[in-house]
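K.L.:
So you can see what is in the structure, the chains are spelled out below.
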Amino acid sequence: MSETKNGRYGNPSMRLMMLAILSLYLPSHALALDLNEVFDNTAVTAPSRVDYREERHNPMLKEPIVLTGYLEYLAQGHLRKVIETPFEESFLVADGNIEISRDGETRRLSLSKSKPIRTMLGGIEAILAGQTDRLSSMFDYELTGSLSEWSLQLVPKSGRVSKHLTSMLVTGNNSTIGSIRIDMKKGEWSLMEIRQPEPDL
Amino acid sequence: MTFPDTKIIRASVFWLLLAFGAALILNSQLRLTFDLSAFFPQKTSVTQEILLEQLKNGPGSRLIVIGLKGGSEDQLMEFSDVMKQALNSNMAFLNVLNGDFSLEGISIPEPLKSYHLLLDDMDYSQKSLEQALNMRQRDLAFGGGSSLMGVIARDPFLHTLKVLERLSPVSNDGDTWFAADGSAVLLAETRAAAIDIEAQSQAIMSIRQAFTELPGSESLQLELTGVGAFSVELQRTIRAEATKRTILAIASLLIILLLVYRKVSLLLLSALPIGIGFLFGLAALSLIFTNVHGITLAFGFTLMGVAIDYPLHLFSHARSGTGRAAIKLIWPTLRIGAASTIIAYIAIALSGSDGLAQLGVFTACGVTVAALVTRYWLPLFISKEPLAPARDGEHIGQASLKFLPAVSVLVLTLAGAQFALNHGLWDDRLSSLSPVPEQRLIKDNLLRAAAGTPDMRYQLVLRSPDLDALLEESESVDLLLQDAVKDGLLKSWQSVSLILPSQSSQQRRQQTIPGEDIMHARLSKATENTSFRSDAFAAFEENVQWAKTTEPLLPGQFETTVLSSWLDSHLIRVSDQWVSLISMSEPKPKQLAARMETWEPDVQLVDLKQSSNELMRDYRNSAIKTVFLASFLIVILLLFEQKAPTRVAWVVLTVLTSLTVTTVTVALLHSGLTIIHIVALLLVMGLGLDYALFLSRSESRDEQGSSRHAVVACAVTTTATFGILAGSSIPVLKFIGLTVAVGSASSFVLAMFGSRMTQKKA
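Chains U and A are the protein sequences, given in the same order. Each residue of the first sequence is one higher than the last, beginning at 1425 in my numbering. Each residue of the second sequence is one higher than the last, beginning at 7 in my numbering.
None of these hints come from the bench; they were simulated from the model. Don't take each hint at face value.
Computed spacing ranges between beta-carbons, pair by pair [unchecked claim]:
| id | chain 1 | residue 1 | chain 2 | residue 2 | range |
| --- | --- | --- | --- | --- | --- |
| 1 | A | 211 | U | 1490 | 52 to 60 Å |
| 2 | U | 1523 | A | 541 | 34 to 42 Å |
| 3 | U | 1490 | A | 541 | 16 to 24 Å |
| 4 | A | 241 | U | 1499 | 52 to 60 Å |
| 5 | A | 547 | U | 1570 | 50 to 58 Å |
| 6 | U | 1490 | A | 527 | 46 to 54 Å |
| 7 | A | 37 | U | 1521 | 18 to 26 Å |
Where a beta carbon is used, it is the ideal one built from N, C-alpha and C, also for glycine.
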């Protein structure tokens, strides 16, 4: 094999390509940020509460449904999502159950055996609480960006869950989580924008 | 070189030609089936027919319960899902459930999908539509999912889901079912009935195949229970157990015969009567019945066991003479014994069911032929030289028959039974005949409990010759049951009205559906105030207009759909009646029965457990009546033939005592008698008659010795071979084995001790 005057593989474009190929073999989060480091900055401790604004997109809708309300992280394993507008509704995750309160009626589902919902809500709790191990047990993840502006792509590990949930994309900055986008099957998706946490509920 | 006697050649050619003819008939006519329901009685009440229908085709009987164990909860949930999907695409199954009721992947089955608007009174008002759309918007805000979107577009009231939820016989709250022992549970409803063993076997194979395809299945355990699964499993176990016990029994029979007669040729000859009898019995069945039940052969061959005694009598008496001389001596006794047995078997042929009719015909025909072979063919083969030197041939003896032993044993047994049989003589539980081990039944209950399957013991029954009248009555009962639920008399119920309303109700509902323009206007207005696109509910509009003008729903439209089995389990046709079965959850039977007395439609509360016991009791009573009739005929025959009332009285007393001893012993050891015991007691009667008749003969000392020799050989072989069956774990084999072993031994002992020879000079 002949060598160029720049030496073996000396062509700059070739070197770039080699680098790109090499990078594929490196662990996904080794080159970039460390998730623990990100979560050290953003994690909230119970009890705490964050407000949100959520857009829900669906092919059946002429315009997205916009929900506002708040998320309460009450204690380990206890999370409440309250919708305040355009209607009032709440979901309380506690003791392995989810309680849905709508128009004064409460319906309880056992969460321990409803894996897709458990994964979705468990993922949100893990992100809020900064639980890296718990998150990585449920999702394959890819963290990109810098500490001041990062994004975390989550893909469910379980085939059962991925039948419902395609992926989640979390973004944030130095101190807070900014948004959570959830992509479902057949063009349905939602974007939840998190407002500043209010410590000491 | 010596040639065989021409008589032997002629007789052999004759019998072999007949056997060949029988074989030809079998070749062209024999069709075996394994439908156990043939053994159910023919004449039953409507309630019992419903029970039999449920046993044969009920949805409960078609459920295979699948348990997955050995992985983490998450893994098992995943595997449960994979198996559910794999089996749902298999034609062997109507439906496979695992508790997971996520809307993702849900499909609304026909005819529910098209006709659901005719199943309930719907509200198409502007307000109702707006409320529904509002709720659906909130559903999409909560989670949505692609399947939910499809359902909403066609049915914004989510009415189809409500109907589906009401139809589900099991807990469907969205959680994957887990049993208390950690097994993930699936329920697979097979297309074929539980008694179709071949189809069930195929279904089980499909489940095992789906299981082995799971990743890491080698570290998991698969548990299958339910009627179909047990039947398939037991078919193998029963076959293996029956083969093992039969080989042991035949081996012991051969060893005993070899020890007694010390000639291999006699062993072979002893098989001729029963072998040819079997062939003819089977040929007769093939000619008379369209299908021959496999179980008839198994039972029939057992009952024909009495025919093995015939050549033994001949061999024992031929020890001191030729076969021809011996048969002339014993034929009157052998003939009367065989005739009595045949009467009993004919009686069984006339009682109750197709299966028993076959059993009777097969054994009666087989025993007749076996007796004739023993009389006309077998003696020709026995050596002309005496097998043992003759002694005291000149002495003629008169059998001295003592009544005291049998009377005292009878009295003692009956007295003992008063104290010992504190649980009653009869065991009418259908489950007593079930060969399913208790541990497997416990496992089945454990797995079923996870799915919350309803108790099928109590059902409400409505009947009418006219289908639409029945459906109208069912709708009235639904209203009455609503009140009963409010008053706590039951938790819930399921009736045919859920998916098949009467014609008048359907037509009334069609009339309440607004016209196309009105409906479109209302829907457009309702959509305006929501985030839904204006065309989001086009599919719903189309369905509404179709439902308004379509022909009402009829039972035929459920055929070939997944809902057909649901309909079949709530609406059946018995004789000329339509029957609606209403299943209930947590009923309070006594209070409900009292409430029902005031109801206008004539509803019946049926306790299927009680019905099954009654069915077995009726069946048993009819068998007992038949046996008594047969016994009466046998006594008449004996009196007519023997013309010796004392001897007949002694024979009857001996057989009766032996039957009593056997009955009490077996009832004690088996906690009651079943129909199988009664069939086995028939064989005991045949054996008892045989022993008693031979031991009460007036004959020379030599002949007396031969008779005793033969009876000892018969009793020892019978007791030993059936004793081997008595050790089986399969109830039917165990019941027959112990009954015949005890019966044979007691018949022998009583006949031996009750008879003695007195000598007088000829």
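K.L.:
Now look at each hint and say whether the structure bears it out.
P.N.:
Cross-check of the supplied hints:
no.: 1; hint: A:211 with U:1490: 52 to 60 Å; in the structure: 54 Å, holds
no.: 2; hint: U:1523 with A:541: 34 to 42 Å; in the structure: 36 Å, holds
no.: 3; hint: U:1490 with A:541: 16 to 24 Å; in the structure: 22 Å, holds
no.: 4; hint: A:241 with U:1499: 52 to 60 Å; in the structure: 56 Å, holds
no.: 5; hint: A:547 with U:1570: 50 to 58 Å; in the structure: 53 Å, holds
no.: 6; hint: U:1490 with A:527: 46 to 54 Å; in the structure: 28 Å, violated
no.: 7; hint: A:37 with U:1521: 18 to 26 Å; in the structure: 58 Å, violated
Consistency with the previously given hints fails for numbers 6, 7, ordered from lowest to highest.
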